[in-house]
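*Asks:* Residue strings, one per chain:
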Amino acid sequence: MRRLEIFWALFVASAKMFVRNRAAIFFSLFLPLLIMLIFGVLDFGKAASYQVGLVDQSGTPDGATIVGALTAAPGLEVTTGNAEDELAAIADGGRDLVIVIPSGFRLVLPGSEGFVPIEATVNSNTPQESQTALLIVQSIVGQVLLTAGGGGSTSPLITVTAVGGQSLAYIDFLVPGILGMTIMQLGLFSVAFGFVQLKRTGALRRLFATPTPQGYFLGAQVSSRLLLVLVQIFILLGIGIYFGLQLVGPLIEVVGIGLLGALIFLAIGYAVAGWAKNEDQAAPVANLISLPMLFLSGTFFPREAMPDVLQTVTGFLPLTYLNDALRQVINDGASLSALGTDFIGLVVWALISFVLAVRLFRWE
Amino acid sequence: MTAPAPIIVARDLRKAYGSLQAVDGVSFEVAEGEIFGILGPNGAGKTTTLEMIEGMRPIDSGSATVDGIDVGRDPRGVKARIGIQLQASSFFDELSLTELLVLFGHLYHVKADSAGLLADVELTEKATSQVRTLSGGQKQRFSIAAALVNHPRVLFLDEPTTGLDPQARRHLWGVIRNLQERGHTVVLTTHYMEEAELLCDRVAVMDAGRIIALDSPDGLIGSLVDRGFVKERVERAASLEDVFIDLTGHELRED
Numbered sequence: 001m002r003r004l005e006i007f008w009a010l011f012v013a014s015a016k017m018f019v020r021n022r023a024a025i026f027f028s029l030f031l032p033l034l035i036m037l038i039f040g041v042l043d044f045g046k047a048a049s050y051q052v053g054l055v056d057q058s059g060t061p062d063g064a065t066i067v068g069a070l071t072a073a074p075g076l077e078v079t080t081g082n083a084e085d086e087l088a089a090i091a092d093g094g095r096d097l098v099i100v101i102p103s104g105f106r107l108v109l110p111g112s113e114g115f116v117p118i119e120a121t122v123n124s125n126t127p128q129e130s131q132t133a134l135l136i137v138q139s140i141v142g143q144v145l146l147t148a149g150g151g152g153s154t155s156p157l158i159t160v161t162a163v164g165g166q167s168l169a170y171i172d173f174l175v176p177g178i179l180g181m182t183i184m185q186l187g188l189f190s191v192a193f194g195f196v197q198l199k200r201t202g203a204l205r206r207l208f209a210t211p212t213p214q215g216y217f218l219g220a221q222v223s224s225r226l227l228l229v230l231v232q233i234f235i236l237l238g239i240g241i242y243f244g245l246q247l248v249g250p251l252i253e254v255v256g257i258g259l260l261g262a263l264i265f266l267a268i269g270y271a272v273a274g275w276a277k278n279e280d281q282a283a284p285v286a287n288l289i290s291l292p293m294l295f296l297s298g299t300f301f302p303r304e305a306m307p308d309v310l311q312t313v314t315g316f317l318p319l320t321y322l323n324d325a326l327r328q329v330i331n332d333g334a335s336l337s338a339l340g341t342d343f344i345g346l347v348v349w350a351l352i353s354f355v356l357a358v359r360l361f362r363w364e
Numbered sequence: 365m366t367a368p369a370p371i372i373v374a375r376d377l378r379k380a381y382g383s384l385q386a387v388d389g390v391s392f393e394v395a396e397g398e399i400f401g402i403l404g405p406n407g408a409g410k411t412t413t414l415e416m417i418e419g420m421r422p423i424d425s426g427s428a429t430v431d432g433i434d435v436g437r438d439p440r441g442v443k444a445r446i447g448i449q450l451q452a453s454s455f456f457d458e459l460s461l462t463e464l465l466v467l468f469g470h471l472y473h474v475k476a477d478s479a480g481l482l483a484d485v486e487l488t489e490k491a492t493s494q495v496r497t498l499s500g501g502q503k504q505r506f507s508i509a510a511a512l513v514n515h516p517r518v519l520f521l522d523e524p525t526t527g528l529d530p531q532a533r534r535h536l537w538g539v540i541r542n543l544q545e546r547g548h549t550v551v552l553t554t555h556y557m558e559e560a561e562l563l564c565d566r567v568a569v570m571d572a573g574r575i576i577a578l579d580s581p582d583g584l585i586g587s588l589v590d591r592g593f594v595k596e597r598v599e600r601a602a603s604l605e606d607v608f609i610d611l612t613g614h615e616l617r618e619d
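Residue numbers (the numbering used here), protein chains in the order written: chain A, 1 to 364; chain B, 365 to 619.
Ranges between beta-carbon positions, derived for each pair:
1) L562/B / F30/A: 50 to 60 Å
2) L360/A / S499/B: 31 to 41 Å
3) K277/A / E558/B: 34 to 44 Å
By construction, these hints were calculated from the structure, which means they are not laboratory data. Don't be surprised by glycine CBs; every beta carbon is placed ideally from N, CA and C.
Given these sequences and hints, build the entire structure.
*Replies:* Take a look at the structure:
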């Protein structure tokens, strides 16, 4: 009971210290959000409604059903018209997306008799808006098809014409990467800087002038950082979902993998903090560890774009395992056992970093 | 009348860092209620001696007991009964004074009377401020408040007035005398001879890891004079510091 009280007091103190440290909050929360906005979902105002041109050439009840569903959809600003005008409106920038329901359209699965695909044309000048709008249209058409007794994938139902632009769901790629990056930065920097500072100024020594064993402080600090990682996972996922991220896998798995990743980078942080005598020593080492990984671990862009050799080498980085594992769970709904090498890679890195931390860590 | 049992007993303490014998056989006793000073140049082994008695640093050989508890056997037991002010008084920057005192209370398993402690060191109006906003003298006073959280029998102050201006130093002397009046035993190290002379009941002079003299300030001065010492410059009725205080007043200059 007494022990729990001490632990709790230190835990609360540690969390308060983090939350009140503006630099720490900026780097661990606002910076990832900023990067997410810059890379993926810029322009909140426009995102509120997407300009969709709708052309119904079907002359069938099924076509009218689709028109009704799309017109009623929140977030879509639907204008109906003829194909020529609507496609011209894309060129003017007046439409993010034009949907053409072709003559004789019926709500049947691809491959069935009488199947003709809906044609979508996206505005490559507004890639974020047009692709988000397309995602909305796809999900609505999918729902309509489901209620009509069909099922399965909706993507073959719609043929997309896009000139250049990004992949359909960049946000699905980006959010797990931002999550991985945030977990790395928080684990590494909050410890590498914060702890070294306490060590240098003597605040830690003052703590050890009390009868409370040193381990309590370490335990409380690690726990408070894990809690913050948890909060960040929720915030970033929440914002991601708001902007169209599809969370396929269970949240608990995302949390589990996130915390495992956090443990790895916390341990690396303690290794750096244990070795360094002051912030000037800790900073370059922490940056040397994190910066290359930021760009080599497929945080913002797929590693497939890299040369083969680099792809192989960077495949062994801890952030790569973390990003890939998060993507598998978030995008594909992979279970822990299905993660395979990514999960094993994370566990191996956890062991390596733990041993490093124990070997290099010094209180003074 | 028999002398009260000593509250601190150090016997032949030794500590080496590599080939450097930092503390080389230090023995002394401190009586309850005493203000005991340890004087000496930098590197004399003052801080290391204190740290061994406080349970902050392992003892190579020799022994120390505080309030009857052997430091070597039960360092946590000793830590629970003493208050420590370290040379570099540093705390968690992002916490307020009240929050820090409550936290320290938990670390000592006691309920901290933060308002009372802050009143003792005249920092009541800073209760919700963070440590980094305090001046040097206020920081030193706060670190004494933090050292008093557990109602310690003995208070260890390592160079409590170093870096303070004359006003702040005198103010801190007042705080330390109040502690003595309330029954605390105080052990302090200092570089300031005037401080040792005015504040301490007894003084140990250390050099190169050994105690080379131990007596009351008057006793030490007396024995030097007895050996025929004559000061080169005749002592005047006032010192330059007296002039300084007279000109600038006793008022604390903080913020």
